[in-house]
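Student: Place chain B on chain A using the hints.
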Amino acid sequence: GENVEQHPSTLSVQEGDSAVIKCTYSDSASNYFPWYKQELGKRPQLIIDIRSNVGEKKDQRIAVTLNKTAKHFSLHITETQPEDSAVYFCASTDTGTASKLTFGTGTRLQVTL
Amino acid sequence: NAGVTQTPKFQVLKTGQSMTLQCAQDMNHEYMSWYRQDPGMGLRLIHYSVGAGITDQGEVPNGYNVSRSTTEDFPLRLLSAAPSQTSVYFCATRPGGGGNQPQHFGDGTRLSIL
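If you read the sequences in order, they're chains A and B.
Following the working numbering, the residues of the first sequence are numbered contiguously, the last one being 119.
Following the working numbering, the residues of the second sequence are numbered contiguously, the last one being 120.
Next comes chain A alone, as it looks inside the complex (with noise of 0.2 Å):
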């Protein structure tokens, strides 16, 4: 099965300084790529996903990247704030009907003033 794995597990930024955070997955029919953001006692929320036919997506602030030929995708929030402070994971499936989101084990990011 799919094993999806992250860096780091936790990540400490000043304000105005930008965040990665890379995953890599084992299978190779992988092709939608989701992220999550998890605030304290509060359920994920997808913040920004990518399909294997794009390899770069935006959205304000926030970008992912894909190269599939090394299997591994990242997160990169520029310009952070403090409410960027949460848990975040990153995740993948194939496009199959039954097909199964396998998530990576989070990685708490800390957006210190």
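A hint or two may mislead.
What the hints assert, rightly or not - Pair ranges (Cβ atoms, derived):
(1) Met33(B) to Gly22(A): 33 to 43 Å
(2) Pro88(A) to Val94(B): 23 to 33 Å
(3) Ala58(B) to Glu85(A): 37 to 47 Å
(4) Leu46(A) to Gln28(B): 15 to 25 Å
(5) Lys63(A) to Gly9(B): 17 to 27 Å
(6) Gln63(B) to Asn59(A): 22 to 32 Å
(7) Glu89(A) to Val94(B): 18 to 28 Å
(8) Pro88(A) to Ser75(B): 44 to 54 Å
(9) Lys63(A) to Asp32(B): 22 to 32 Å
(10) Asp65(A) to Leu120(B): 42 to 52 Å
(11) Pro81(B) to Gly22(A): 45 to 55 Å
To be clear, the hints were calculated from the coordinates, so they are not data collected in a lab.
Since we're looking at a predicted model, the values are computed, not measured.
Idealized CB from N, CA, C, for every residue including glycine.
Tutor: Same frame as chain A, but now just chain B:
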């Protein structure tokens, strides 16, 4: 629309007790799934369903049962609770037709087993 509704929000059980975690959705999503979340381990898939009457096992199915008699509901049953099942449980849904669609999560059930 309520989206994905999980009940209860919190529960404390004694070892050996049984209980059912409820998940209901009003988005007419065909795909429903249960995850457990433990510190440092991300979200792990317990069971999933691609439609009414169809269920299958995920990564960590042992100790849990599911059924899917309607599109809207996907209950998760613990037949004999064990301390190792202490966790936060999330139900998630997505439309049918393919995995490349966002999953929507409920607010979770925090379960403690003594």
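Student: Compare the structure with each hint and give your call.
Tutor: Against the structure, the hints:
{"no.": "1", "hint": "Met33(B) to Gly22(A): 33 to 43 Å", "result": "38 Å, holds"}
{"no.": "2", "hint": "Pro88(A) to Val94(B): 23 to 33 Å", "result": "24 Å, holds"}
{"no.": "3", "hint": "Ala58(B) to Glu85(A): 37 to 47 Å", "result": "46 Å, holds"}
{"no.": "4", "hint": "Leu46(A) to Gln28(B): 15 to 25 Å", "result": "24 Å, holds"}
{"no.": "5", "hint": "Lys63(A) to Gly9(B): 17 to 27 Å", "result": "24 Å, holds"}
{"no.": "6", "hint": "Gln63(B) to Asn59(A): 22 to 32 Å", "result": "31 Å, holds"}
{"no.": "7", "hint": "Glu89(A) to Val94(B): 18 to 28 Å", "result": "22 Å, holds"}
{"no.": "8", "hint": "Pro88(A) to Ser75(B): 44 to 54 Å", "result": "45 Å, holds"}
{"no.": "9", "hint": "Lys63(A) to Asp32(B): 22 to 32 Å", "result": "29 Å, holds"}
{"no.": "10", "hint": "Asp65(A) to Leu120(B): 42 to 52 Å", "result": "44 Å, holds"}
{"no.": "11", "hint": "Pro81(B) to Gly22(A): 45 to 55 Å", "result": "46 Å, holds"}
In the structure shown, no violation is registered for any of the earlier numbered hints.
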